[in-house]
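The primary structure of each chain is shown beneath.
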Amino acid sequence: MSNLVSQGAEARVWEVRELNMPAIRKHRFSKSYRLAELDQQLTVTRLRQEVRSLLRARKLGVKTPTLYRVDLANSNIIMEKIHGMTLKQALLQDALLDMAAKRRILKSLGSMVAKLHDGDIIHGDLTTSNVMMSGASGDNKHATLYLIDFGLSQFSALSEDKAVDLYVMERSFNSAHPIDGEELFAEFMTSYRRSSRAWCSTLNKLAEVRMRGRKRSMVG
Amino acid sequence: MTGSAHQMSMMMTFDAFPEHTLSIFLVPQLVNARELRQSLMSGTLEPEAALIDAGTLAHLLIVKAAAGLALQHHAHGTLRTKTLHSELVYSLSGSKHIGSSLGTFGIKDDTACLLVAKFDASDEDMDALRNLVVSNECVLEEEEDINAYIDMCRDEKAIAKAYKIVDQELQIGSLVDAIVCRIAARDCL
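Sequence lines, in order, name chains A and B. According to this note's numbering, the first sequence is numbered sequentially starting from 1. According to this note's numbering, the second sequence is numbered sequentially starting from 1001.
Source of the hints: derived by calculation from the structure; they are not laboratory data. This structure is a prediction, so every number in the text was calculated from the model and none was measured. Ideal Cβ positions, reconstructed from N, Cα and C, are used throughout, including at glycine. Do not rely on the hints blindly, as some may be mistaken.
Claimed, not checked - So these bits of chain A aren't anywhere near chain B, every CB distance computed over 10 Å:
1. G61
2. L72
3. S196
4. R210
Stated by the list, open to error - Reference listing, derived: stretches of chain B covered by chain A, where coverage requires no fewer than 3 residues with Cβ under 8 Å from a Cβ of chain A:
5. 1064 to 1074
6. 1173 to 1182
One chain only, chain A, in its complex shape (with noise of 0.2 Å):
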């Protein structure tokens, strides 16, 4: 029996079961108002360029779910279960996570997207609802990371793509956690600095990002 565990734009999951263990099925629906043949093609492409950057992504040492099985046919991908909840959810959790613990997980993931970055991949959609975290109780001292939700995925060394995925980060953390956001997102950055090689000229970019946007005056 499956359950419907949530529905975005683009895809319904399922909670299943697949060799043996609890696990996601992703399924891509599709879009009446987009043209039937346009509409497979894109589907498809999508969910291959998701296979694609979260094999990629483990290659480069960044945590995924593990995939299970893809069924292109039916726009299905299986994946994991991961036990524990979103980074989203645990930062606004108000007792769950002392200061240490949230700048210690923040550190991590600055590592992580580092690490994707550098490999040239860009996630598309760095928020931290697309960060799920297992292990989180006591102190914390165990939590694990994961990246997932692909699904925007692509791949290029370009440092304004890469400024834009920082971007997206920023913005996700000022808008869904407005108290300690730009601590947090401070934090992350710092550790991306740290991490990664070529965060200079990506650095730069983010400036150049920022001031664009809307409701930015793009005059003088």
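Please arrange chain B on chain A, whose structure you already have, making use of the hints.
The following block gives chain B in isolation, referenced to the frame of chain A:
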């Protein structure tokens, strides 16, 4: 010494394909590898089965993952090899190349330890297969025994090399995790 009749082989089931089963036994110290392989190549092996070089296996879970992929292609009518059983062997590799995959994971002339697997097998099928293999030891039928033997014999470095698994990957997950990912991702690469 061949296995005795009326034994029950280990049977794998599949969450996504409940209509199918995979019956398995392990032959330690196989004697007639060459004969079996020739019979397989000439198409005279009866009944149809997957003959897997068990030295290439990290864990039975790998067989399950490959079997699931083979069953999926079978259900869609998109098998890349001649039979469902050859597809199982092919699917173990995580590579798209059929020839080298079958060559690496299938029975070889010098295969010492053989895993025999048959989809939707009857007791008679399994008896017949047991009678085809010649070994110096008893055939293993129980899942725990088979896994224990695989554990004992596996050459992790050689397996990691065969799948091109890098150290970074082994730091974030097990060898089995890395292999299962590759098997699942094959058609997307």
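Against the structure, the hints come out as follows:
With a closest Cβ-Cβ approach of about 3 Å to chain B, A/G61 is found to fall inside the 10 Å limit, against its non-interface label. The beta carbon of A/L72 is not kept farther than 10 Å from every beta carbon of chain B, the shortest such distance being approximately 6 Å. Against the 10 Å criterion, A/S196 stays outside the reach of chain B, whose nearest CB is about 15 Å from its own CB. The claim that A/R210 lies off the interface holds: its Cβ sits roughly 32 Å from the closest Cβ of chain B, which is beyond the 10 Å cut-off.
Here's how the segment 1064 to 1074 of chain B fares: 5 of its residues keep a CB closer than 8 Å to some CB of chain A, so the rule of at least three is met and the hint holds. Proximity of the segment 1173 to 1182 of chain B to chain A, defined as three or more residues with a beta carbon under 8 Å from a beta carbon of that chain, is established by the 6 residues found.
Hints 1 and 2, counting from the list given before, are not met by this structure.
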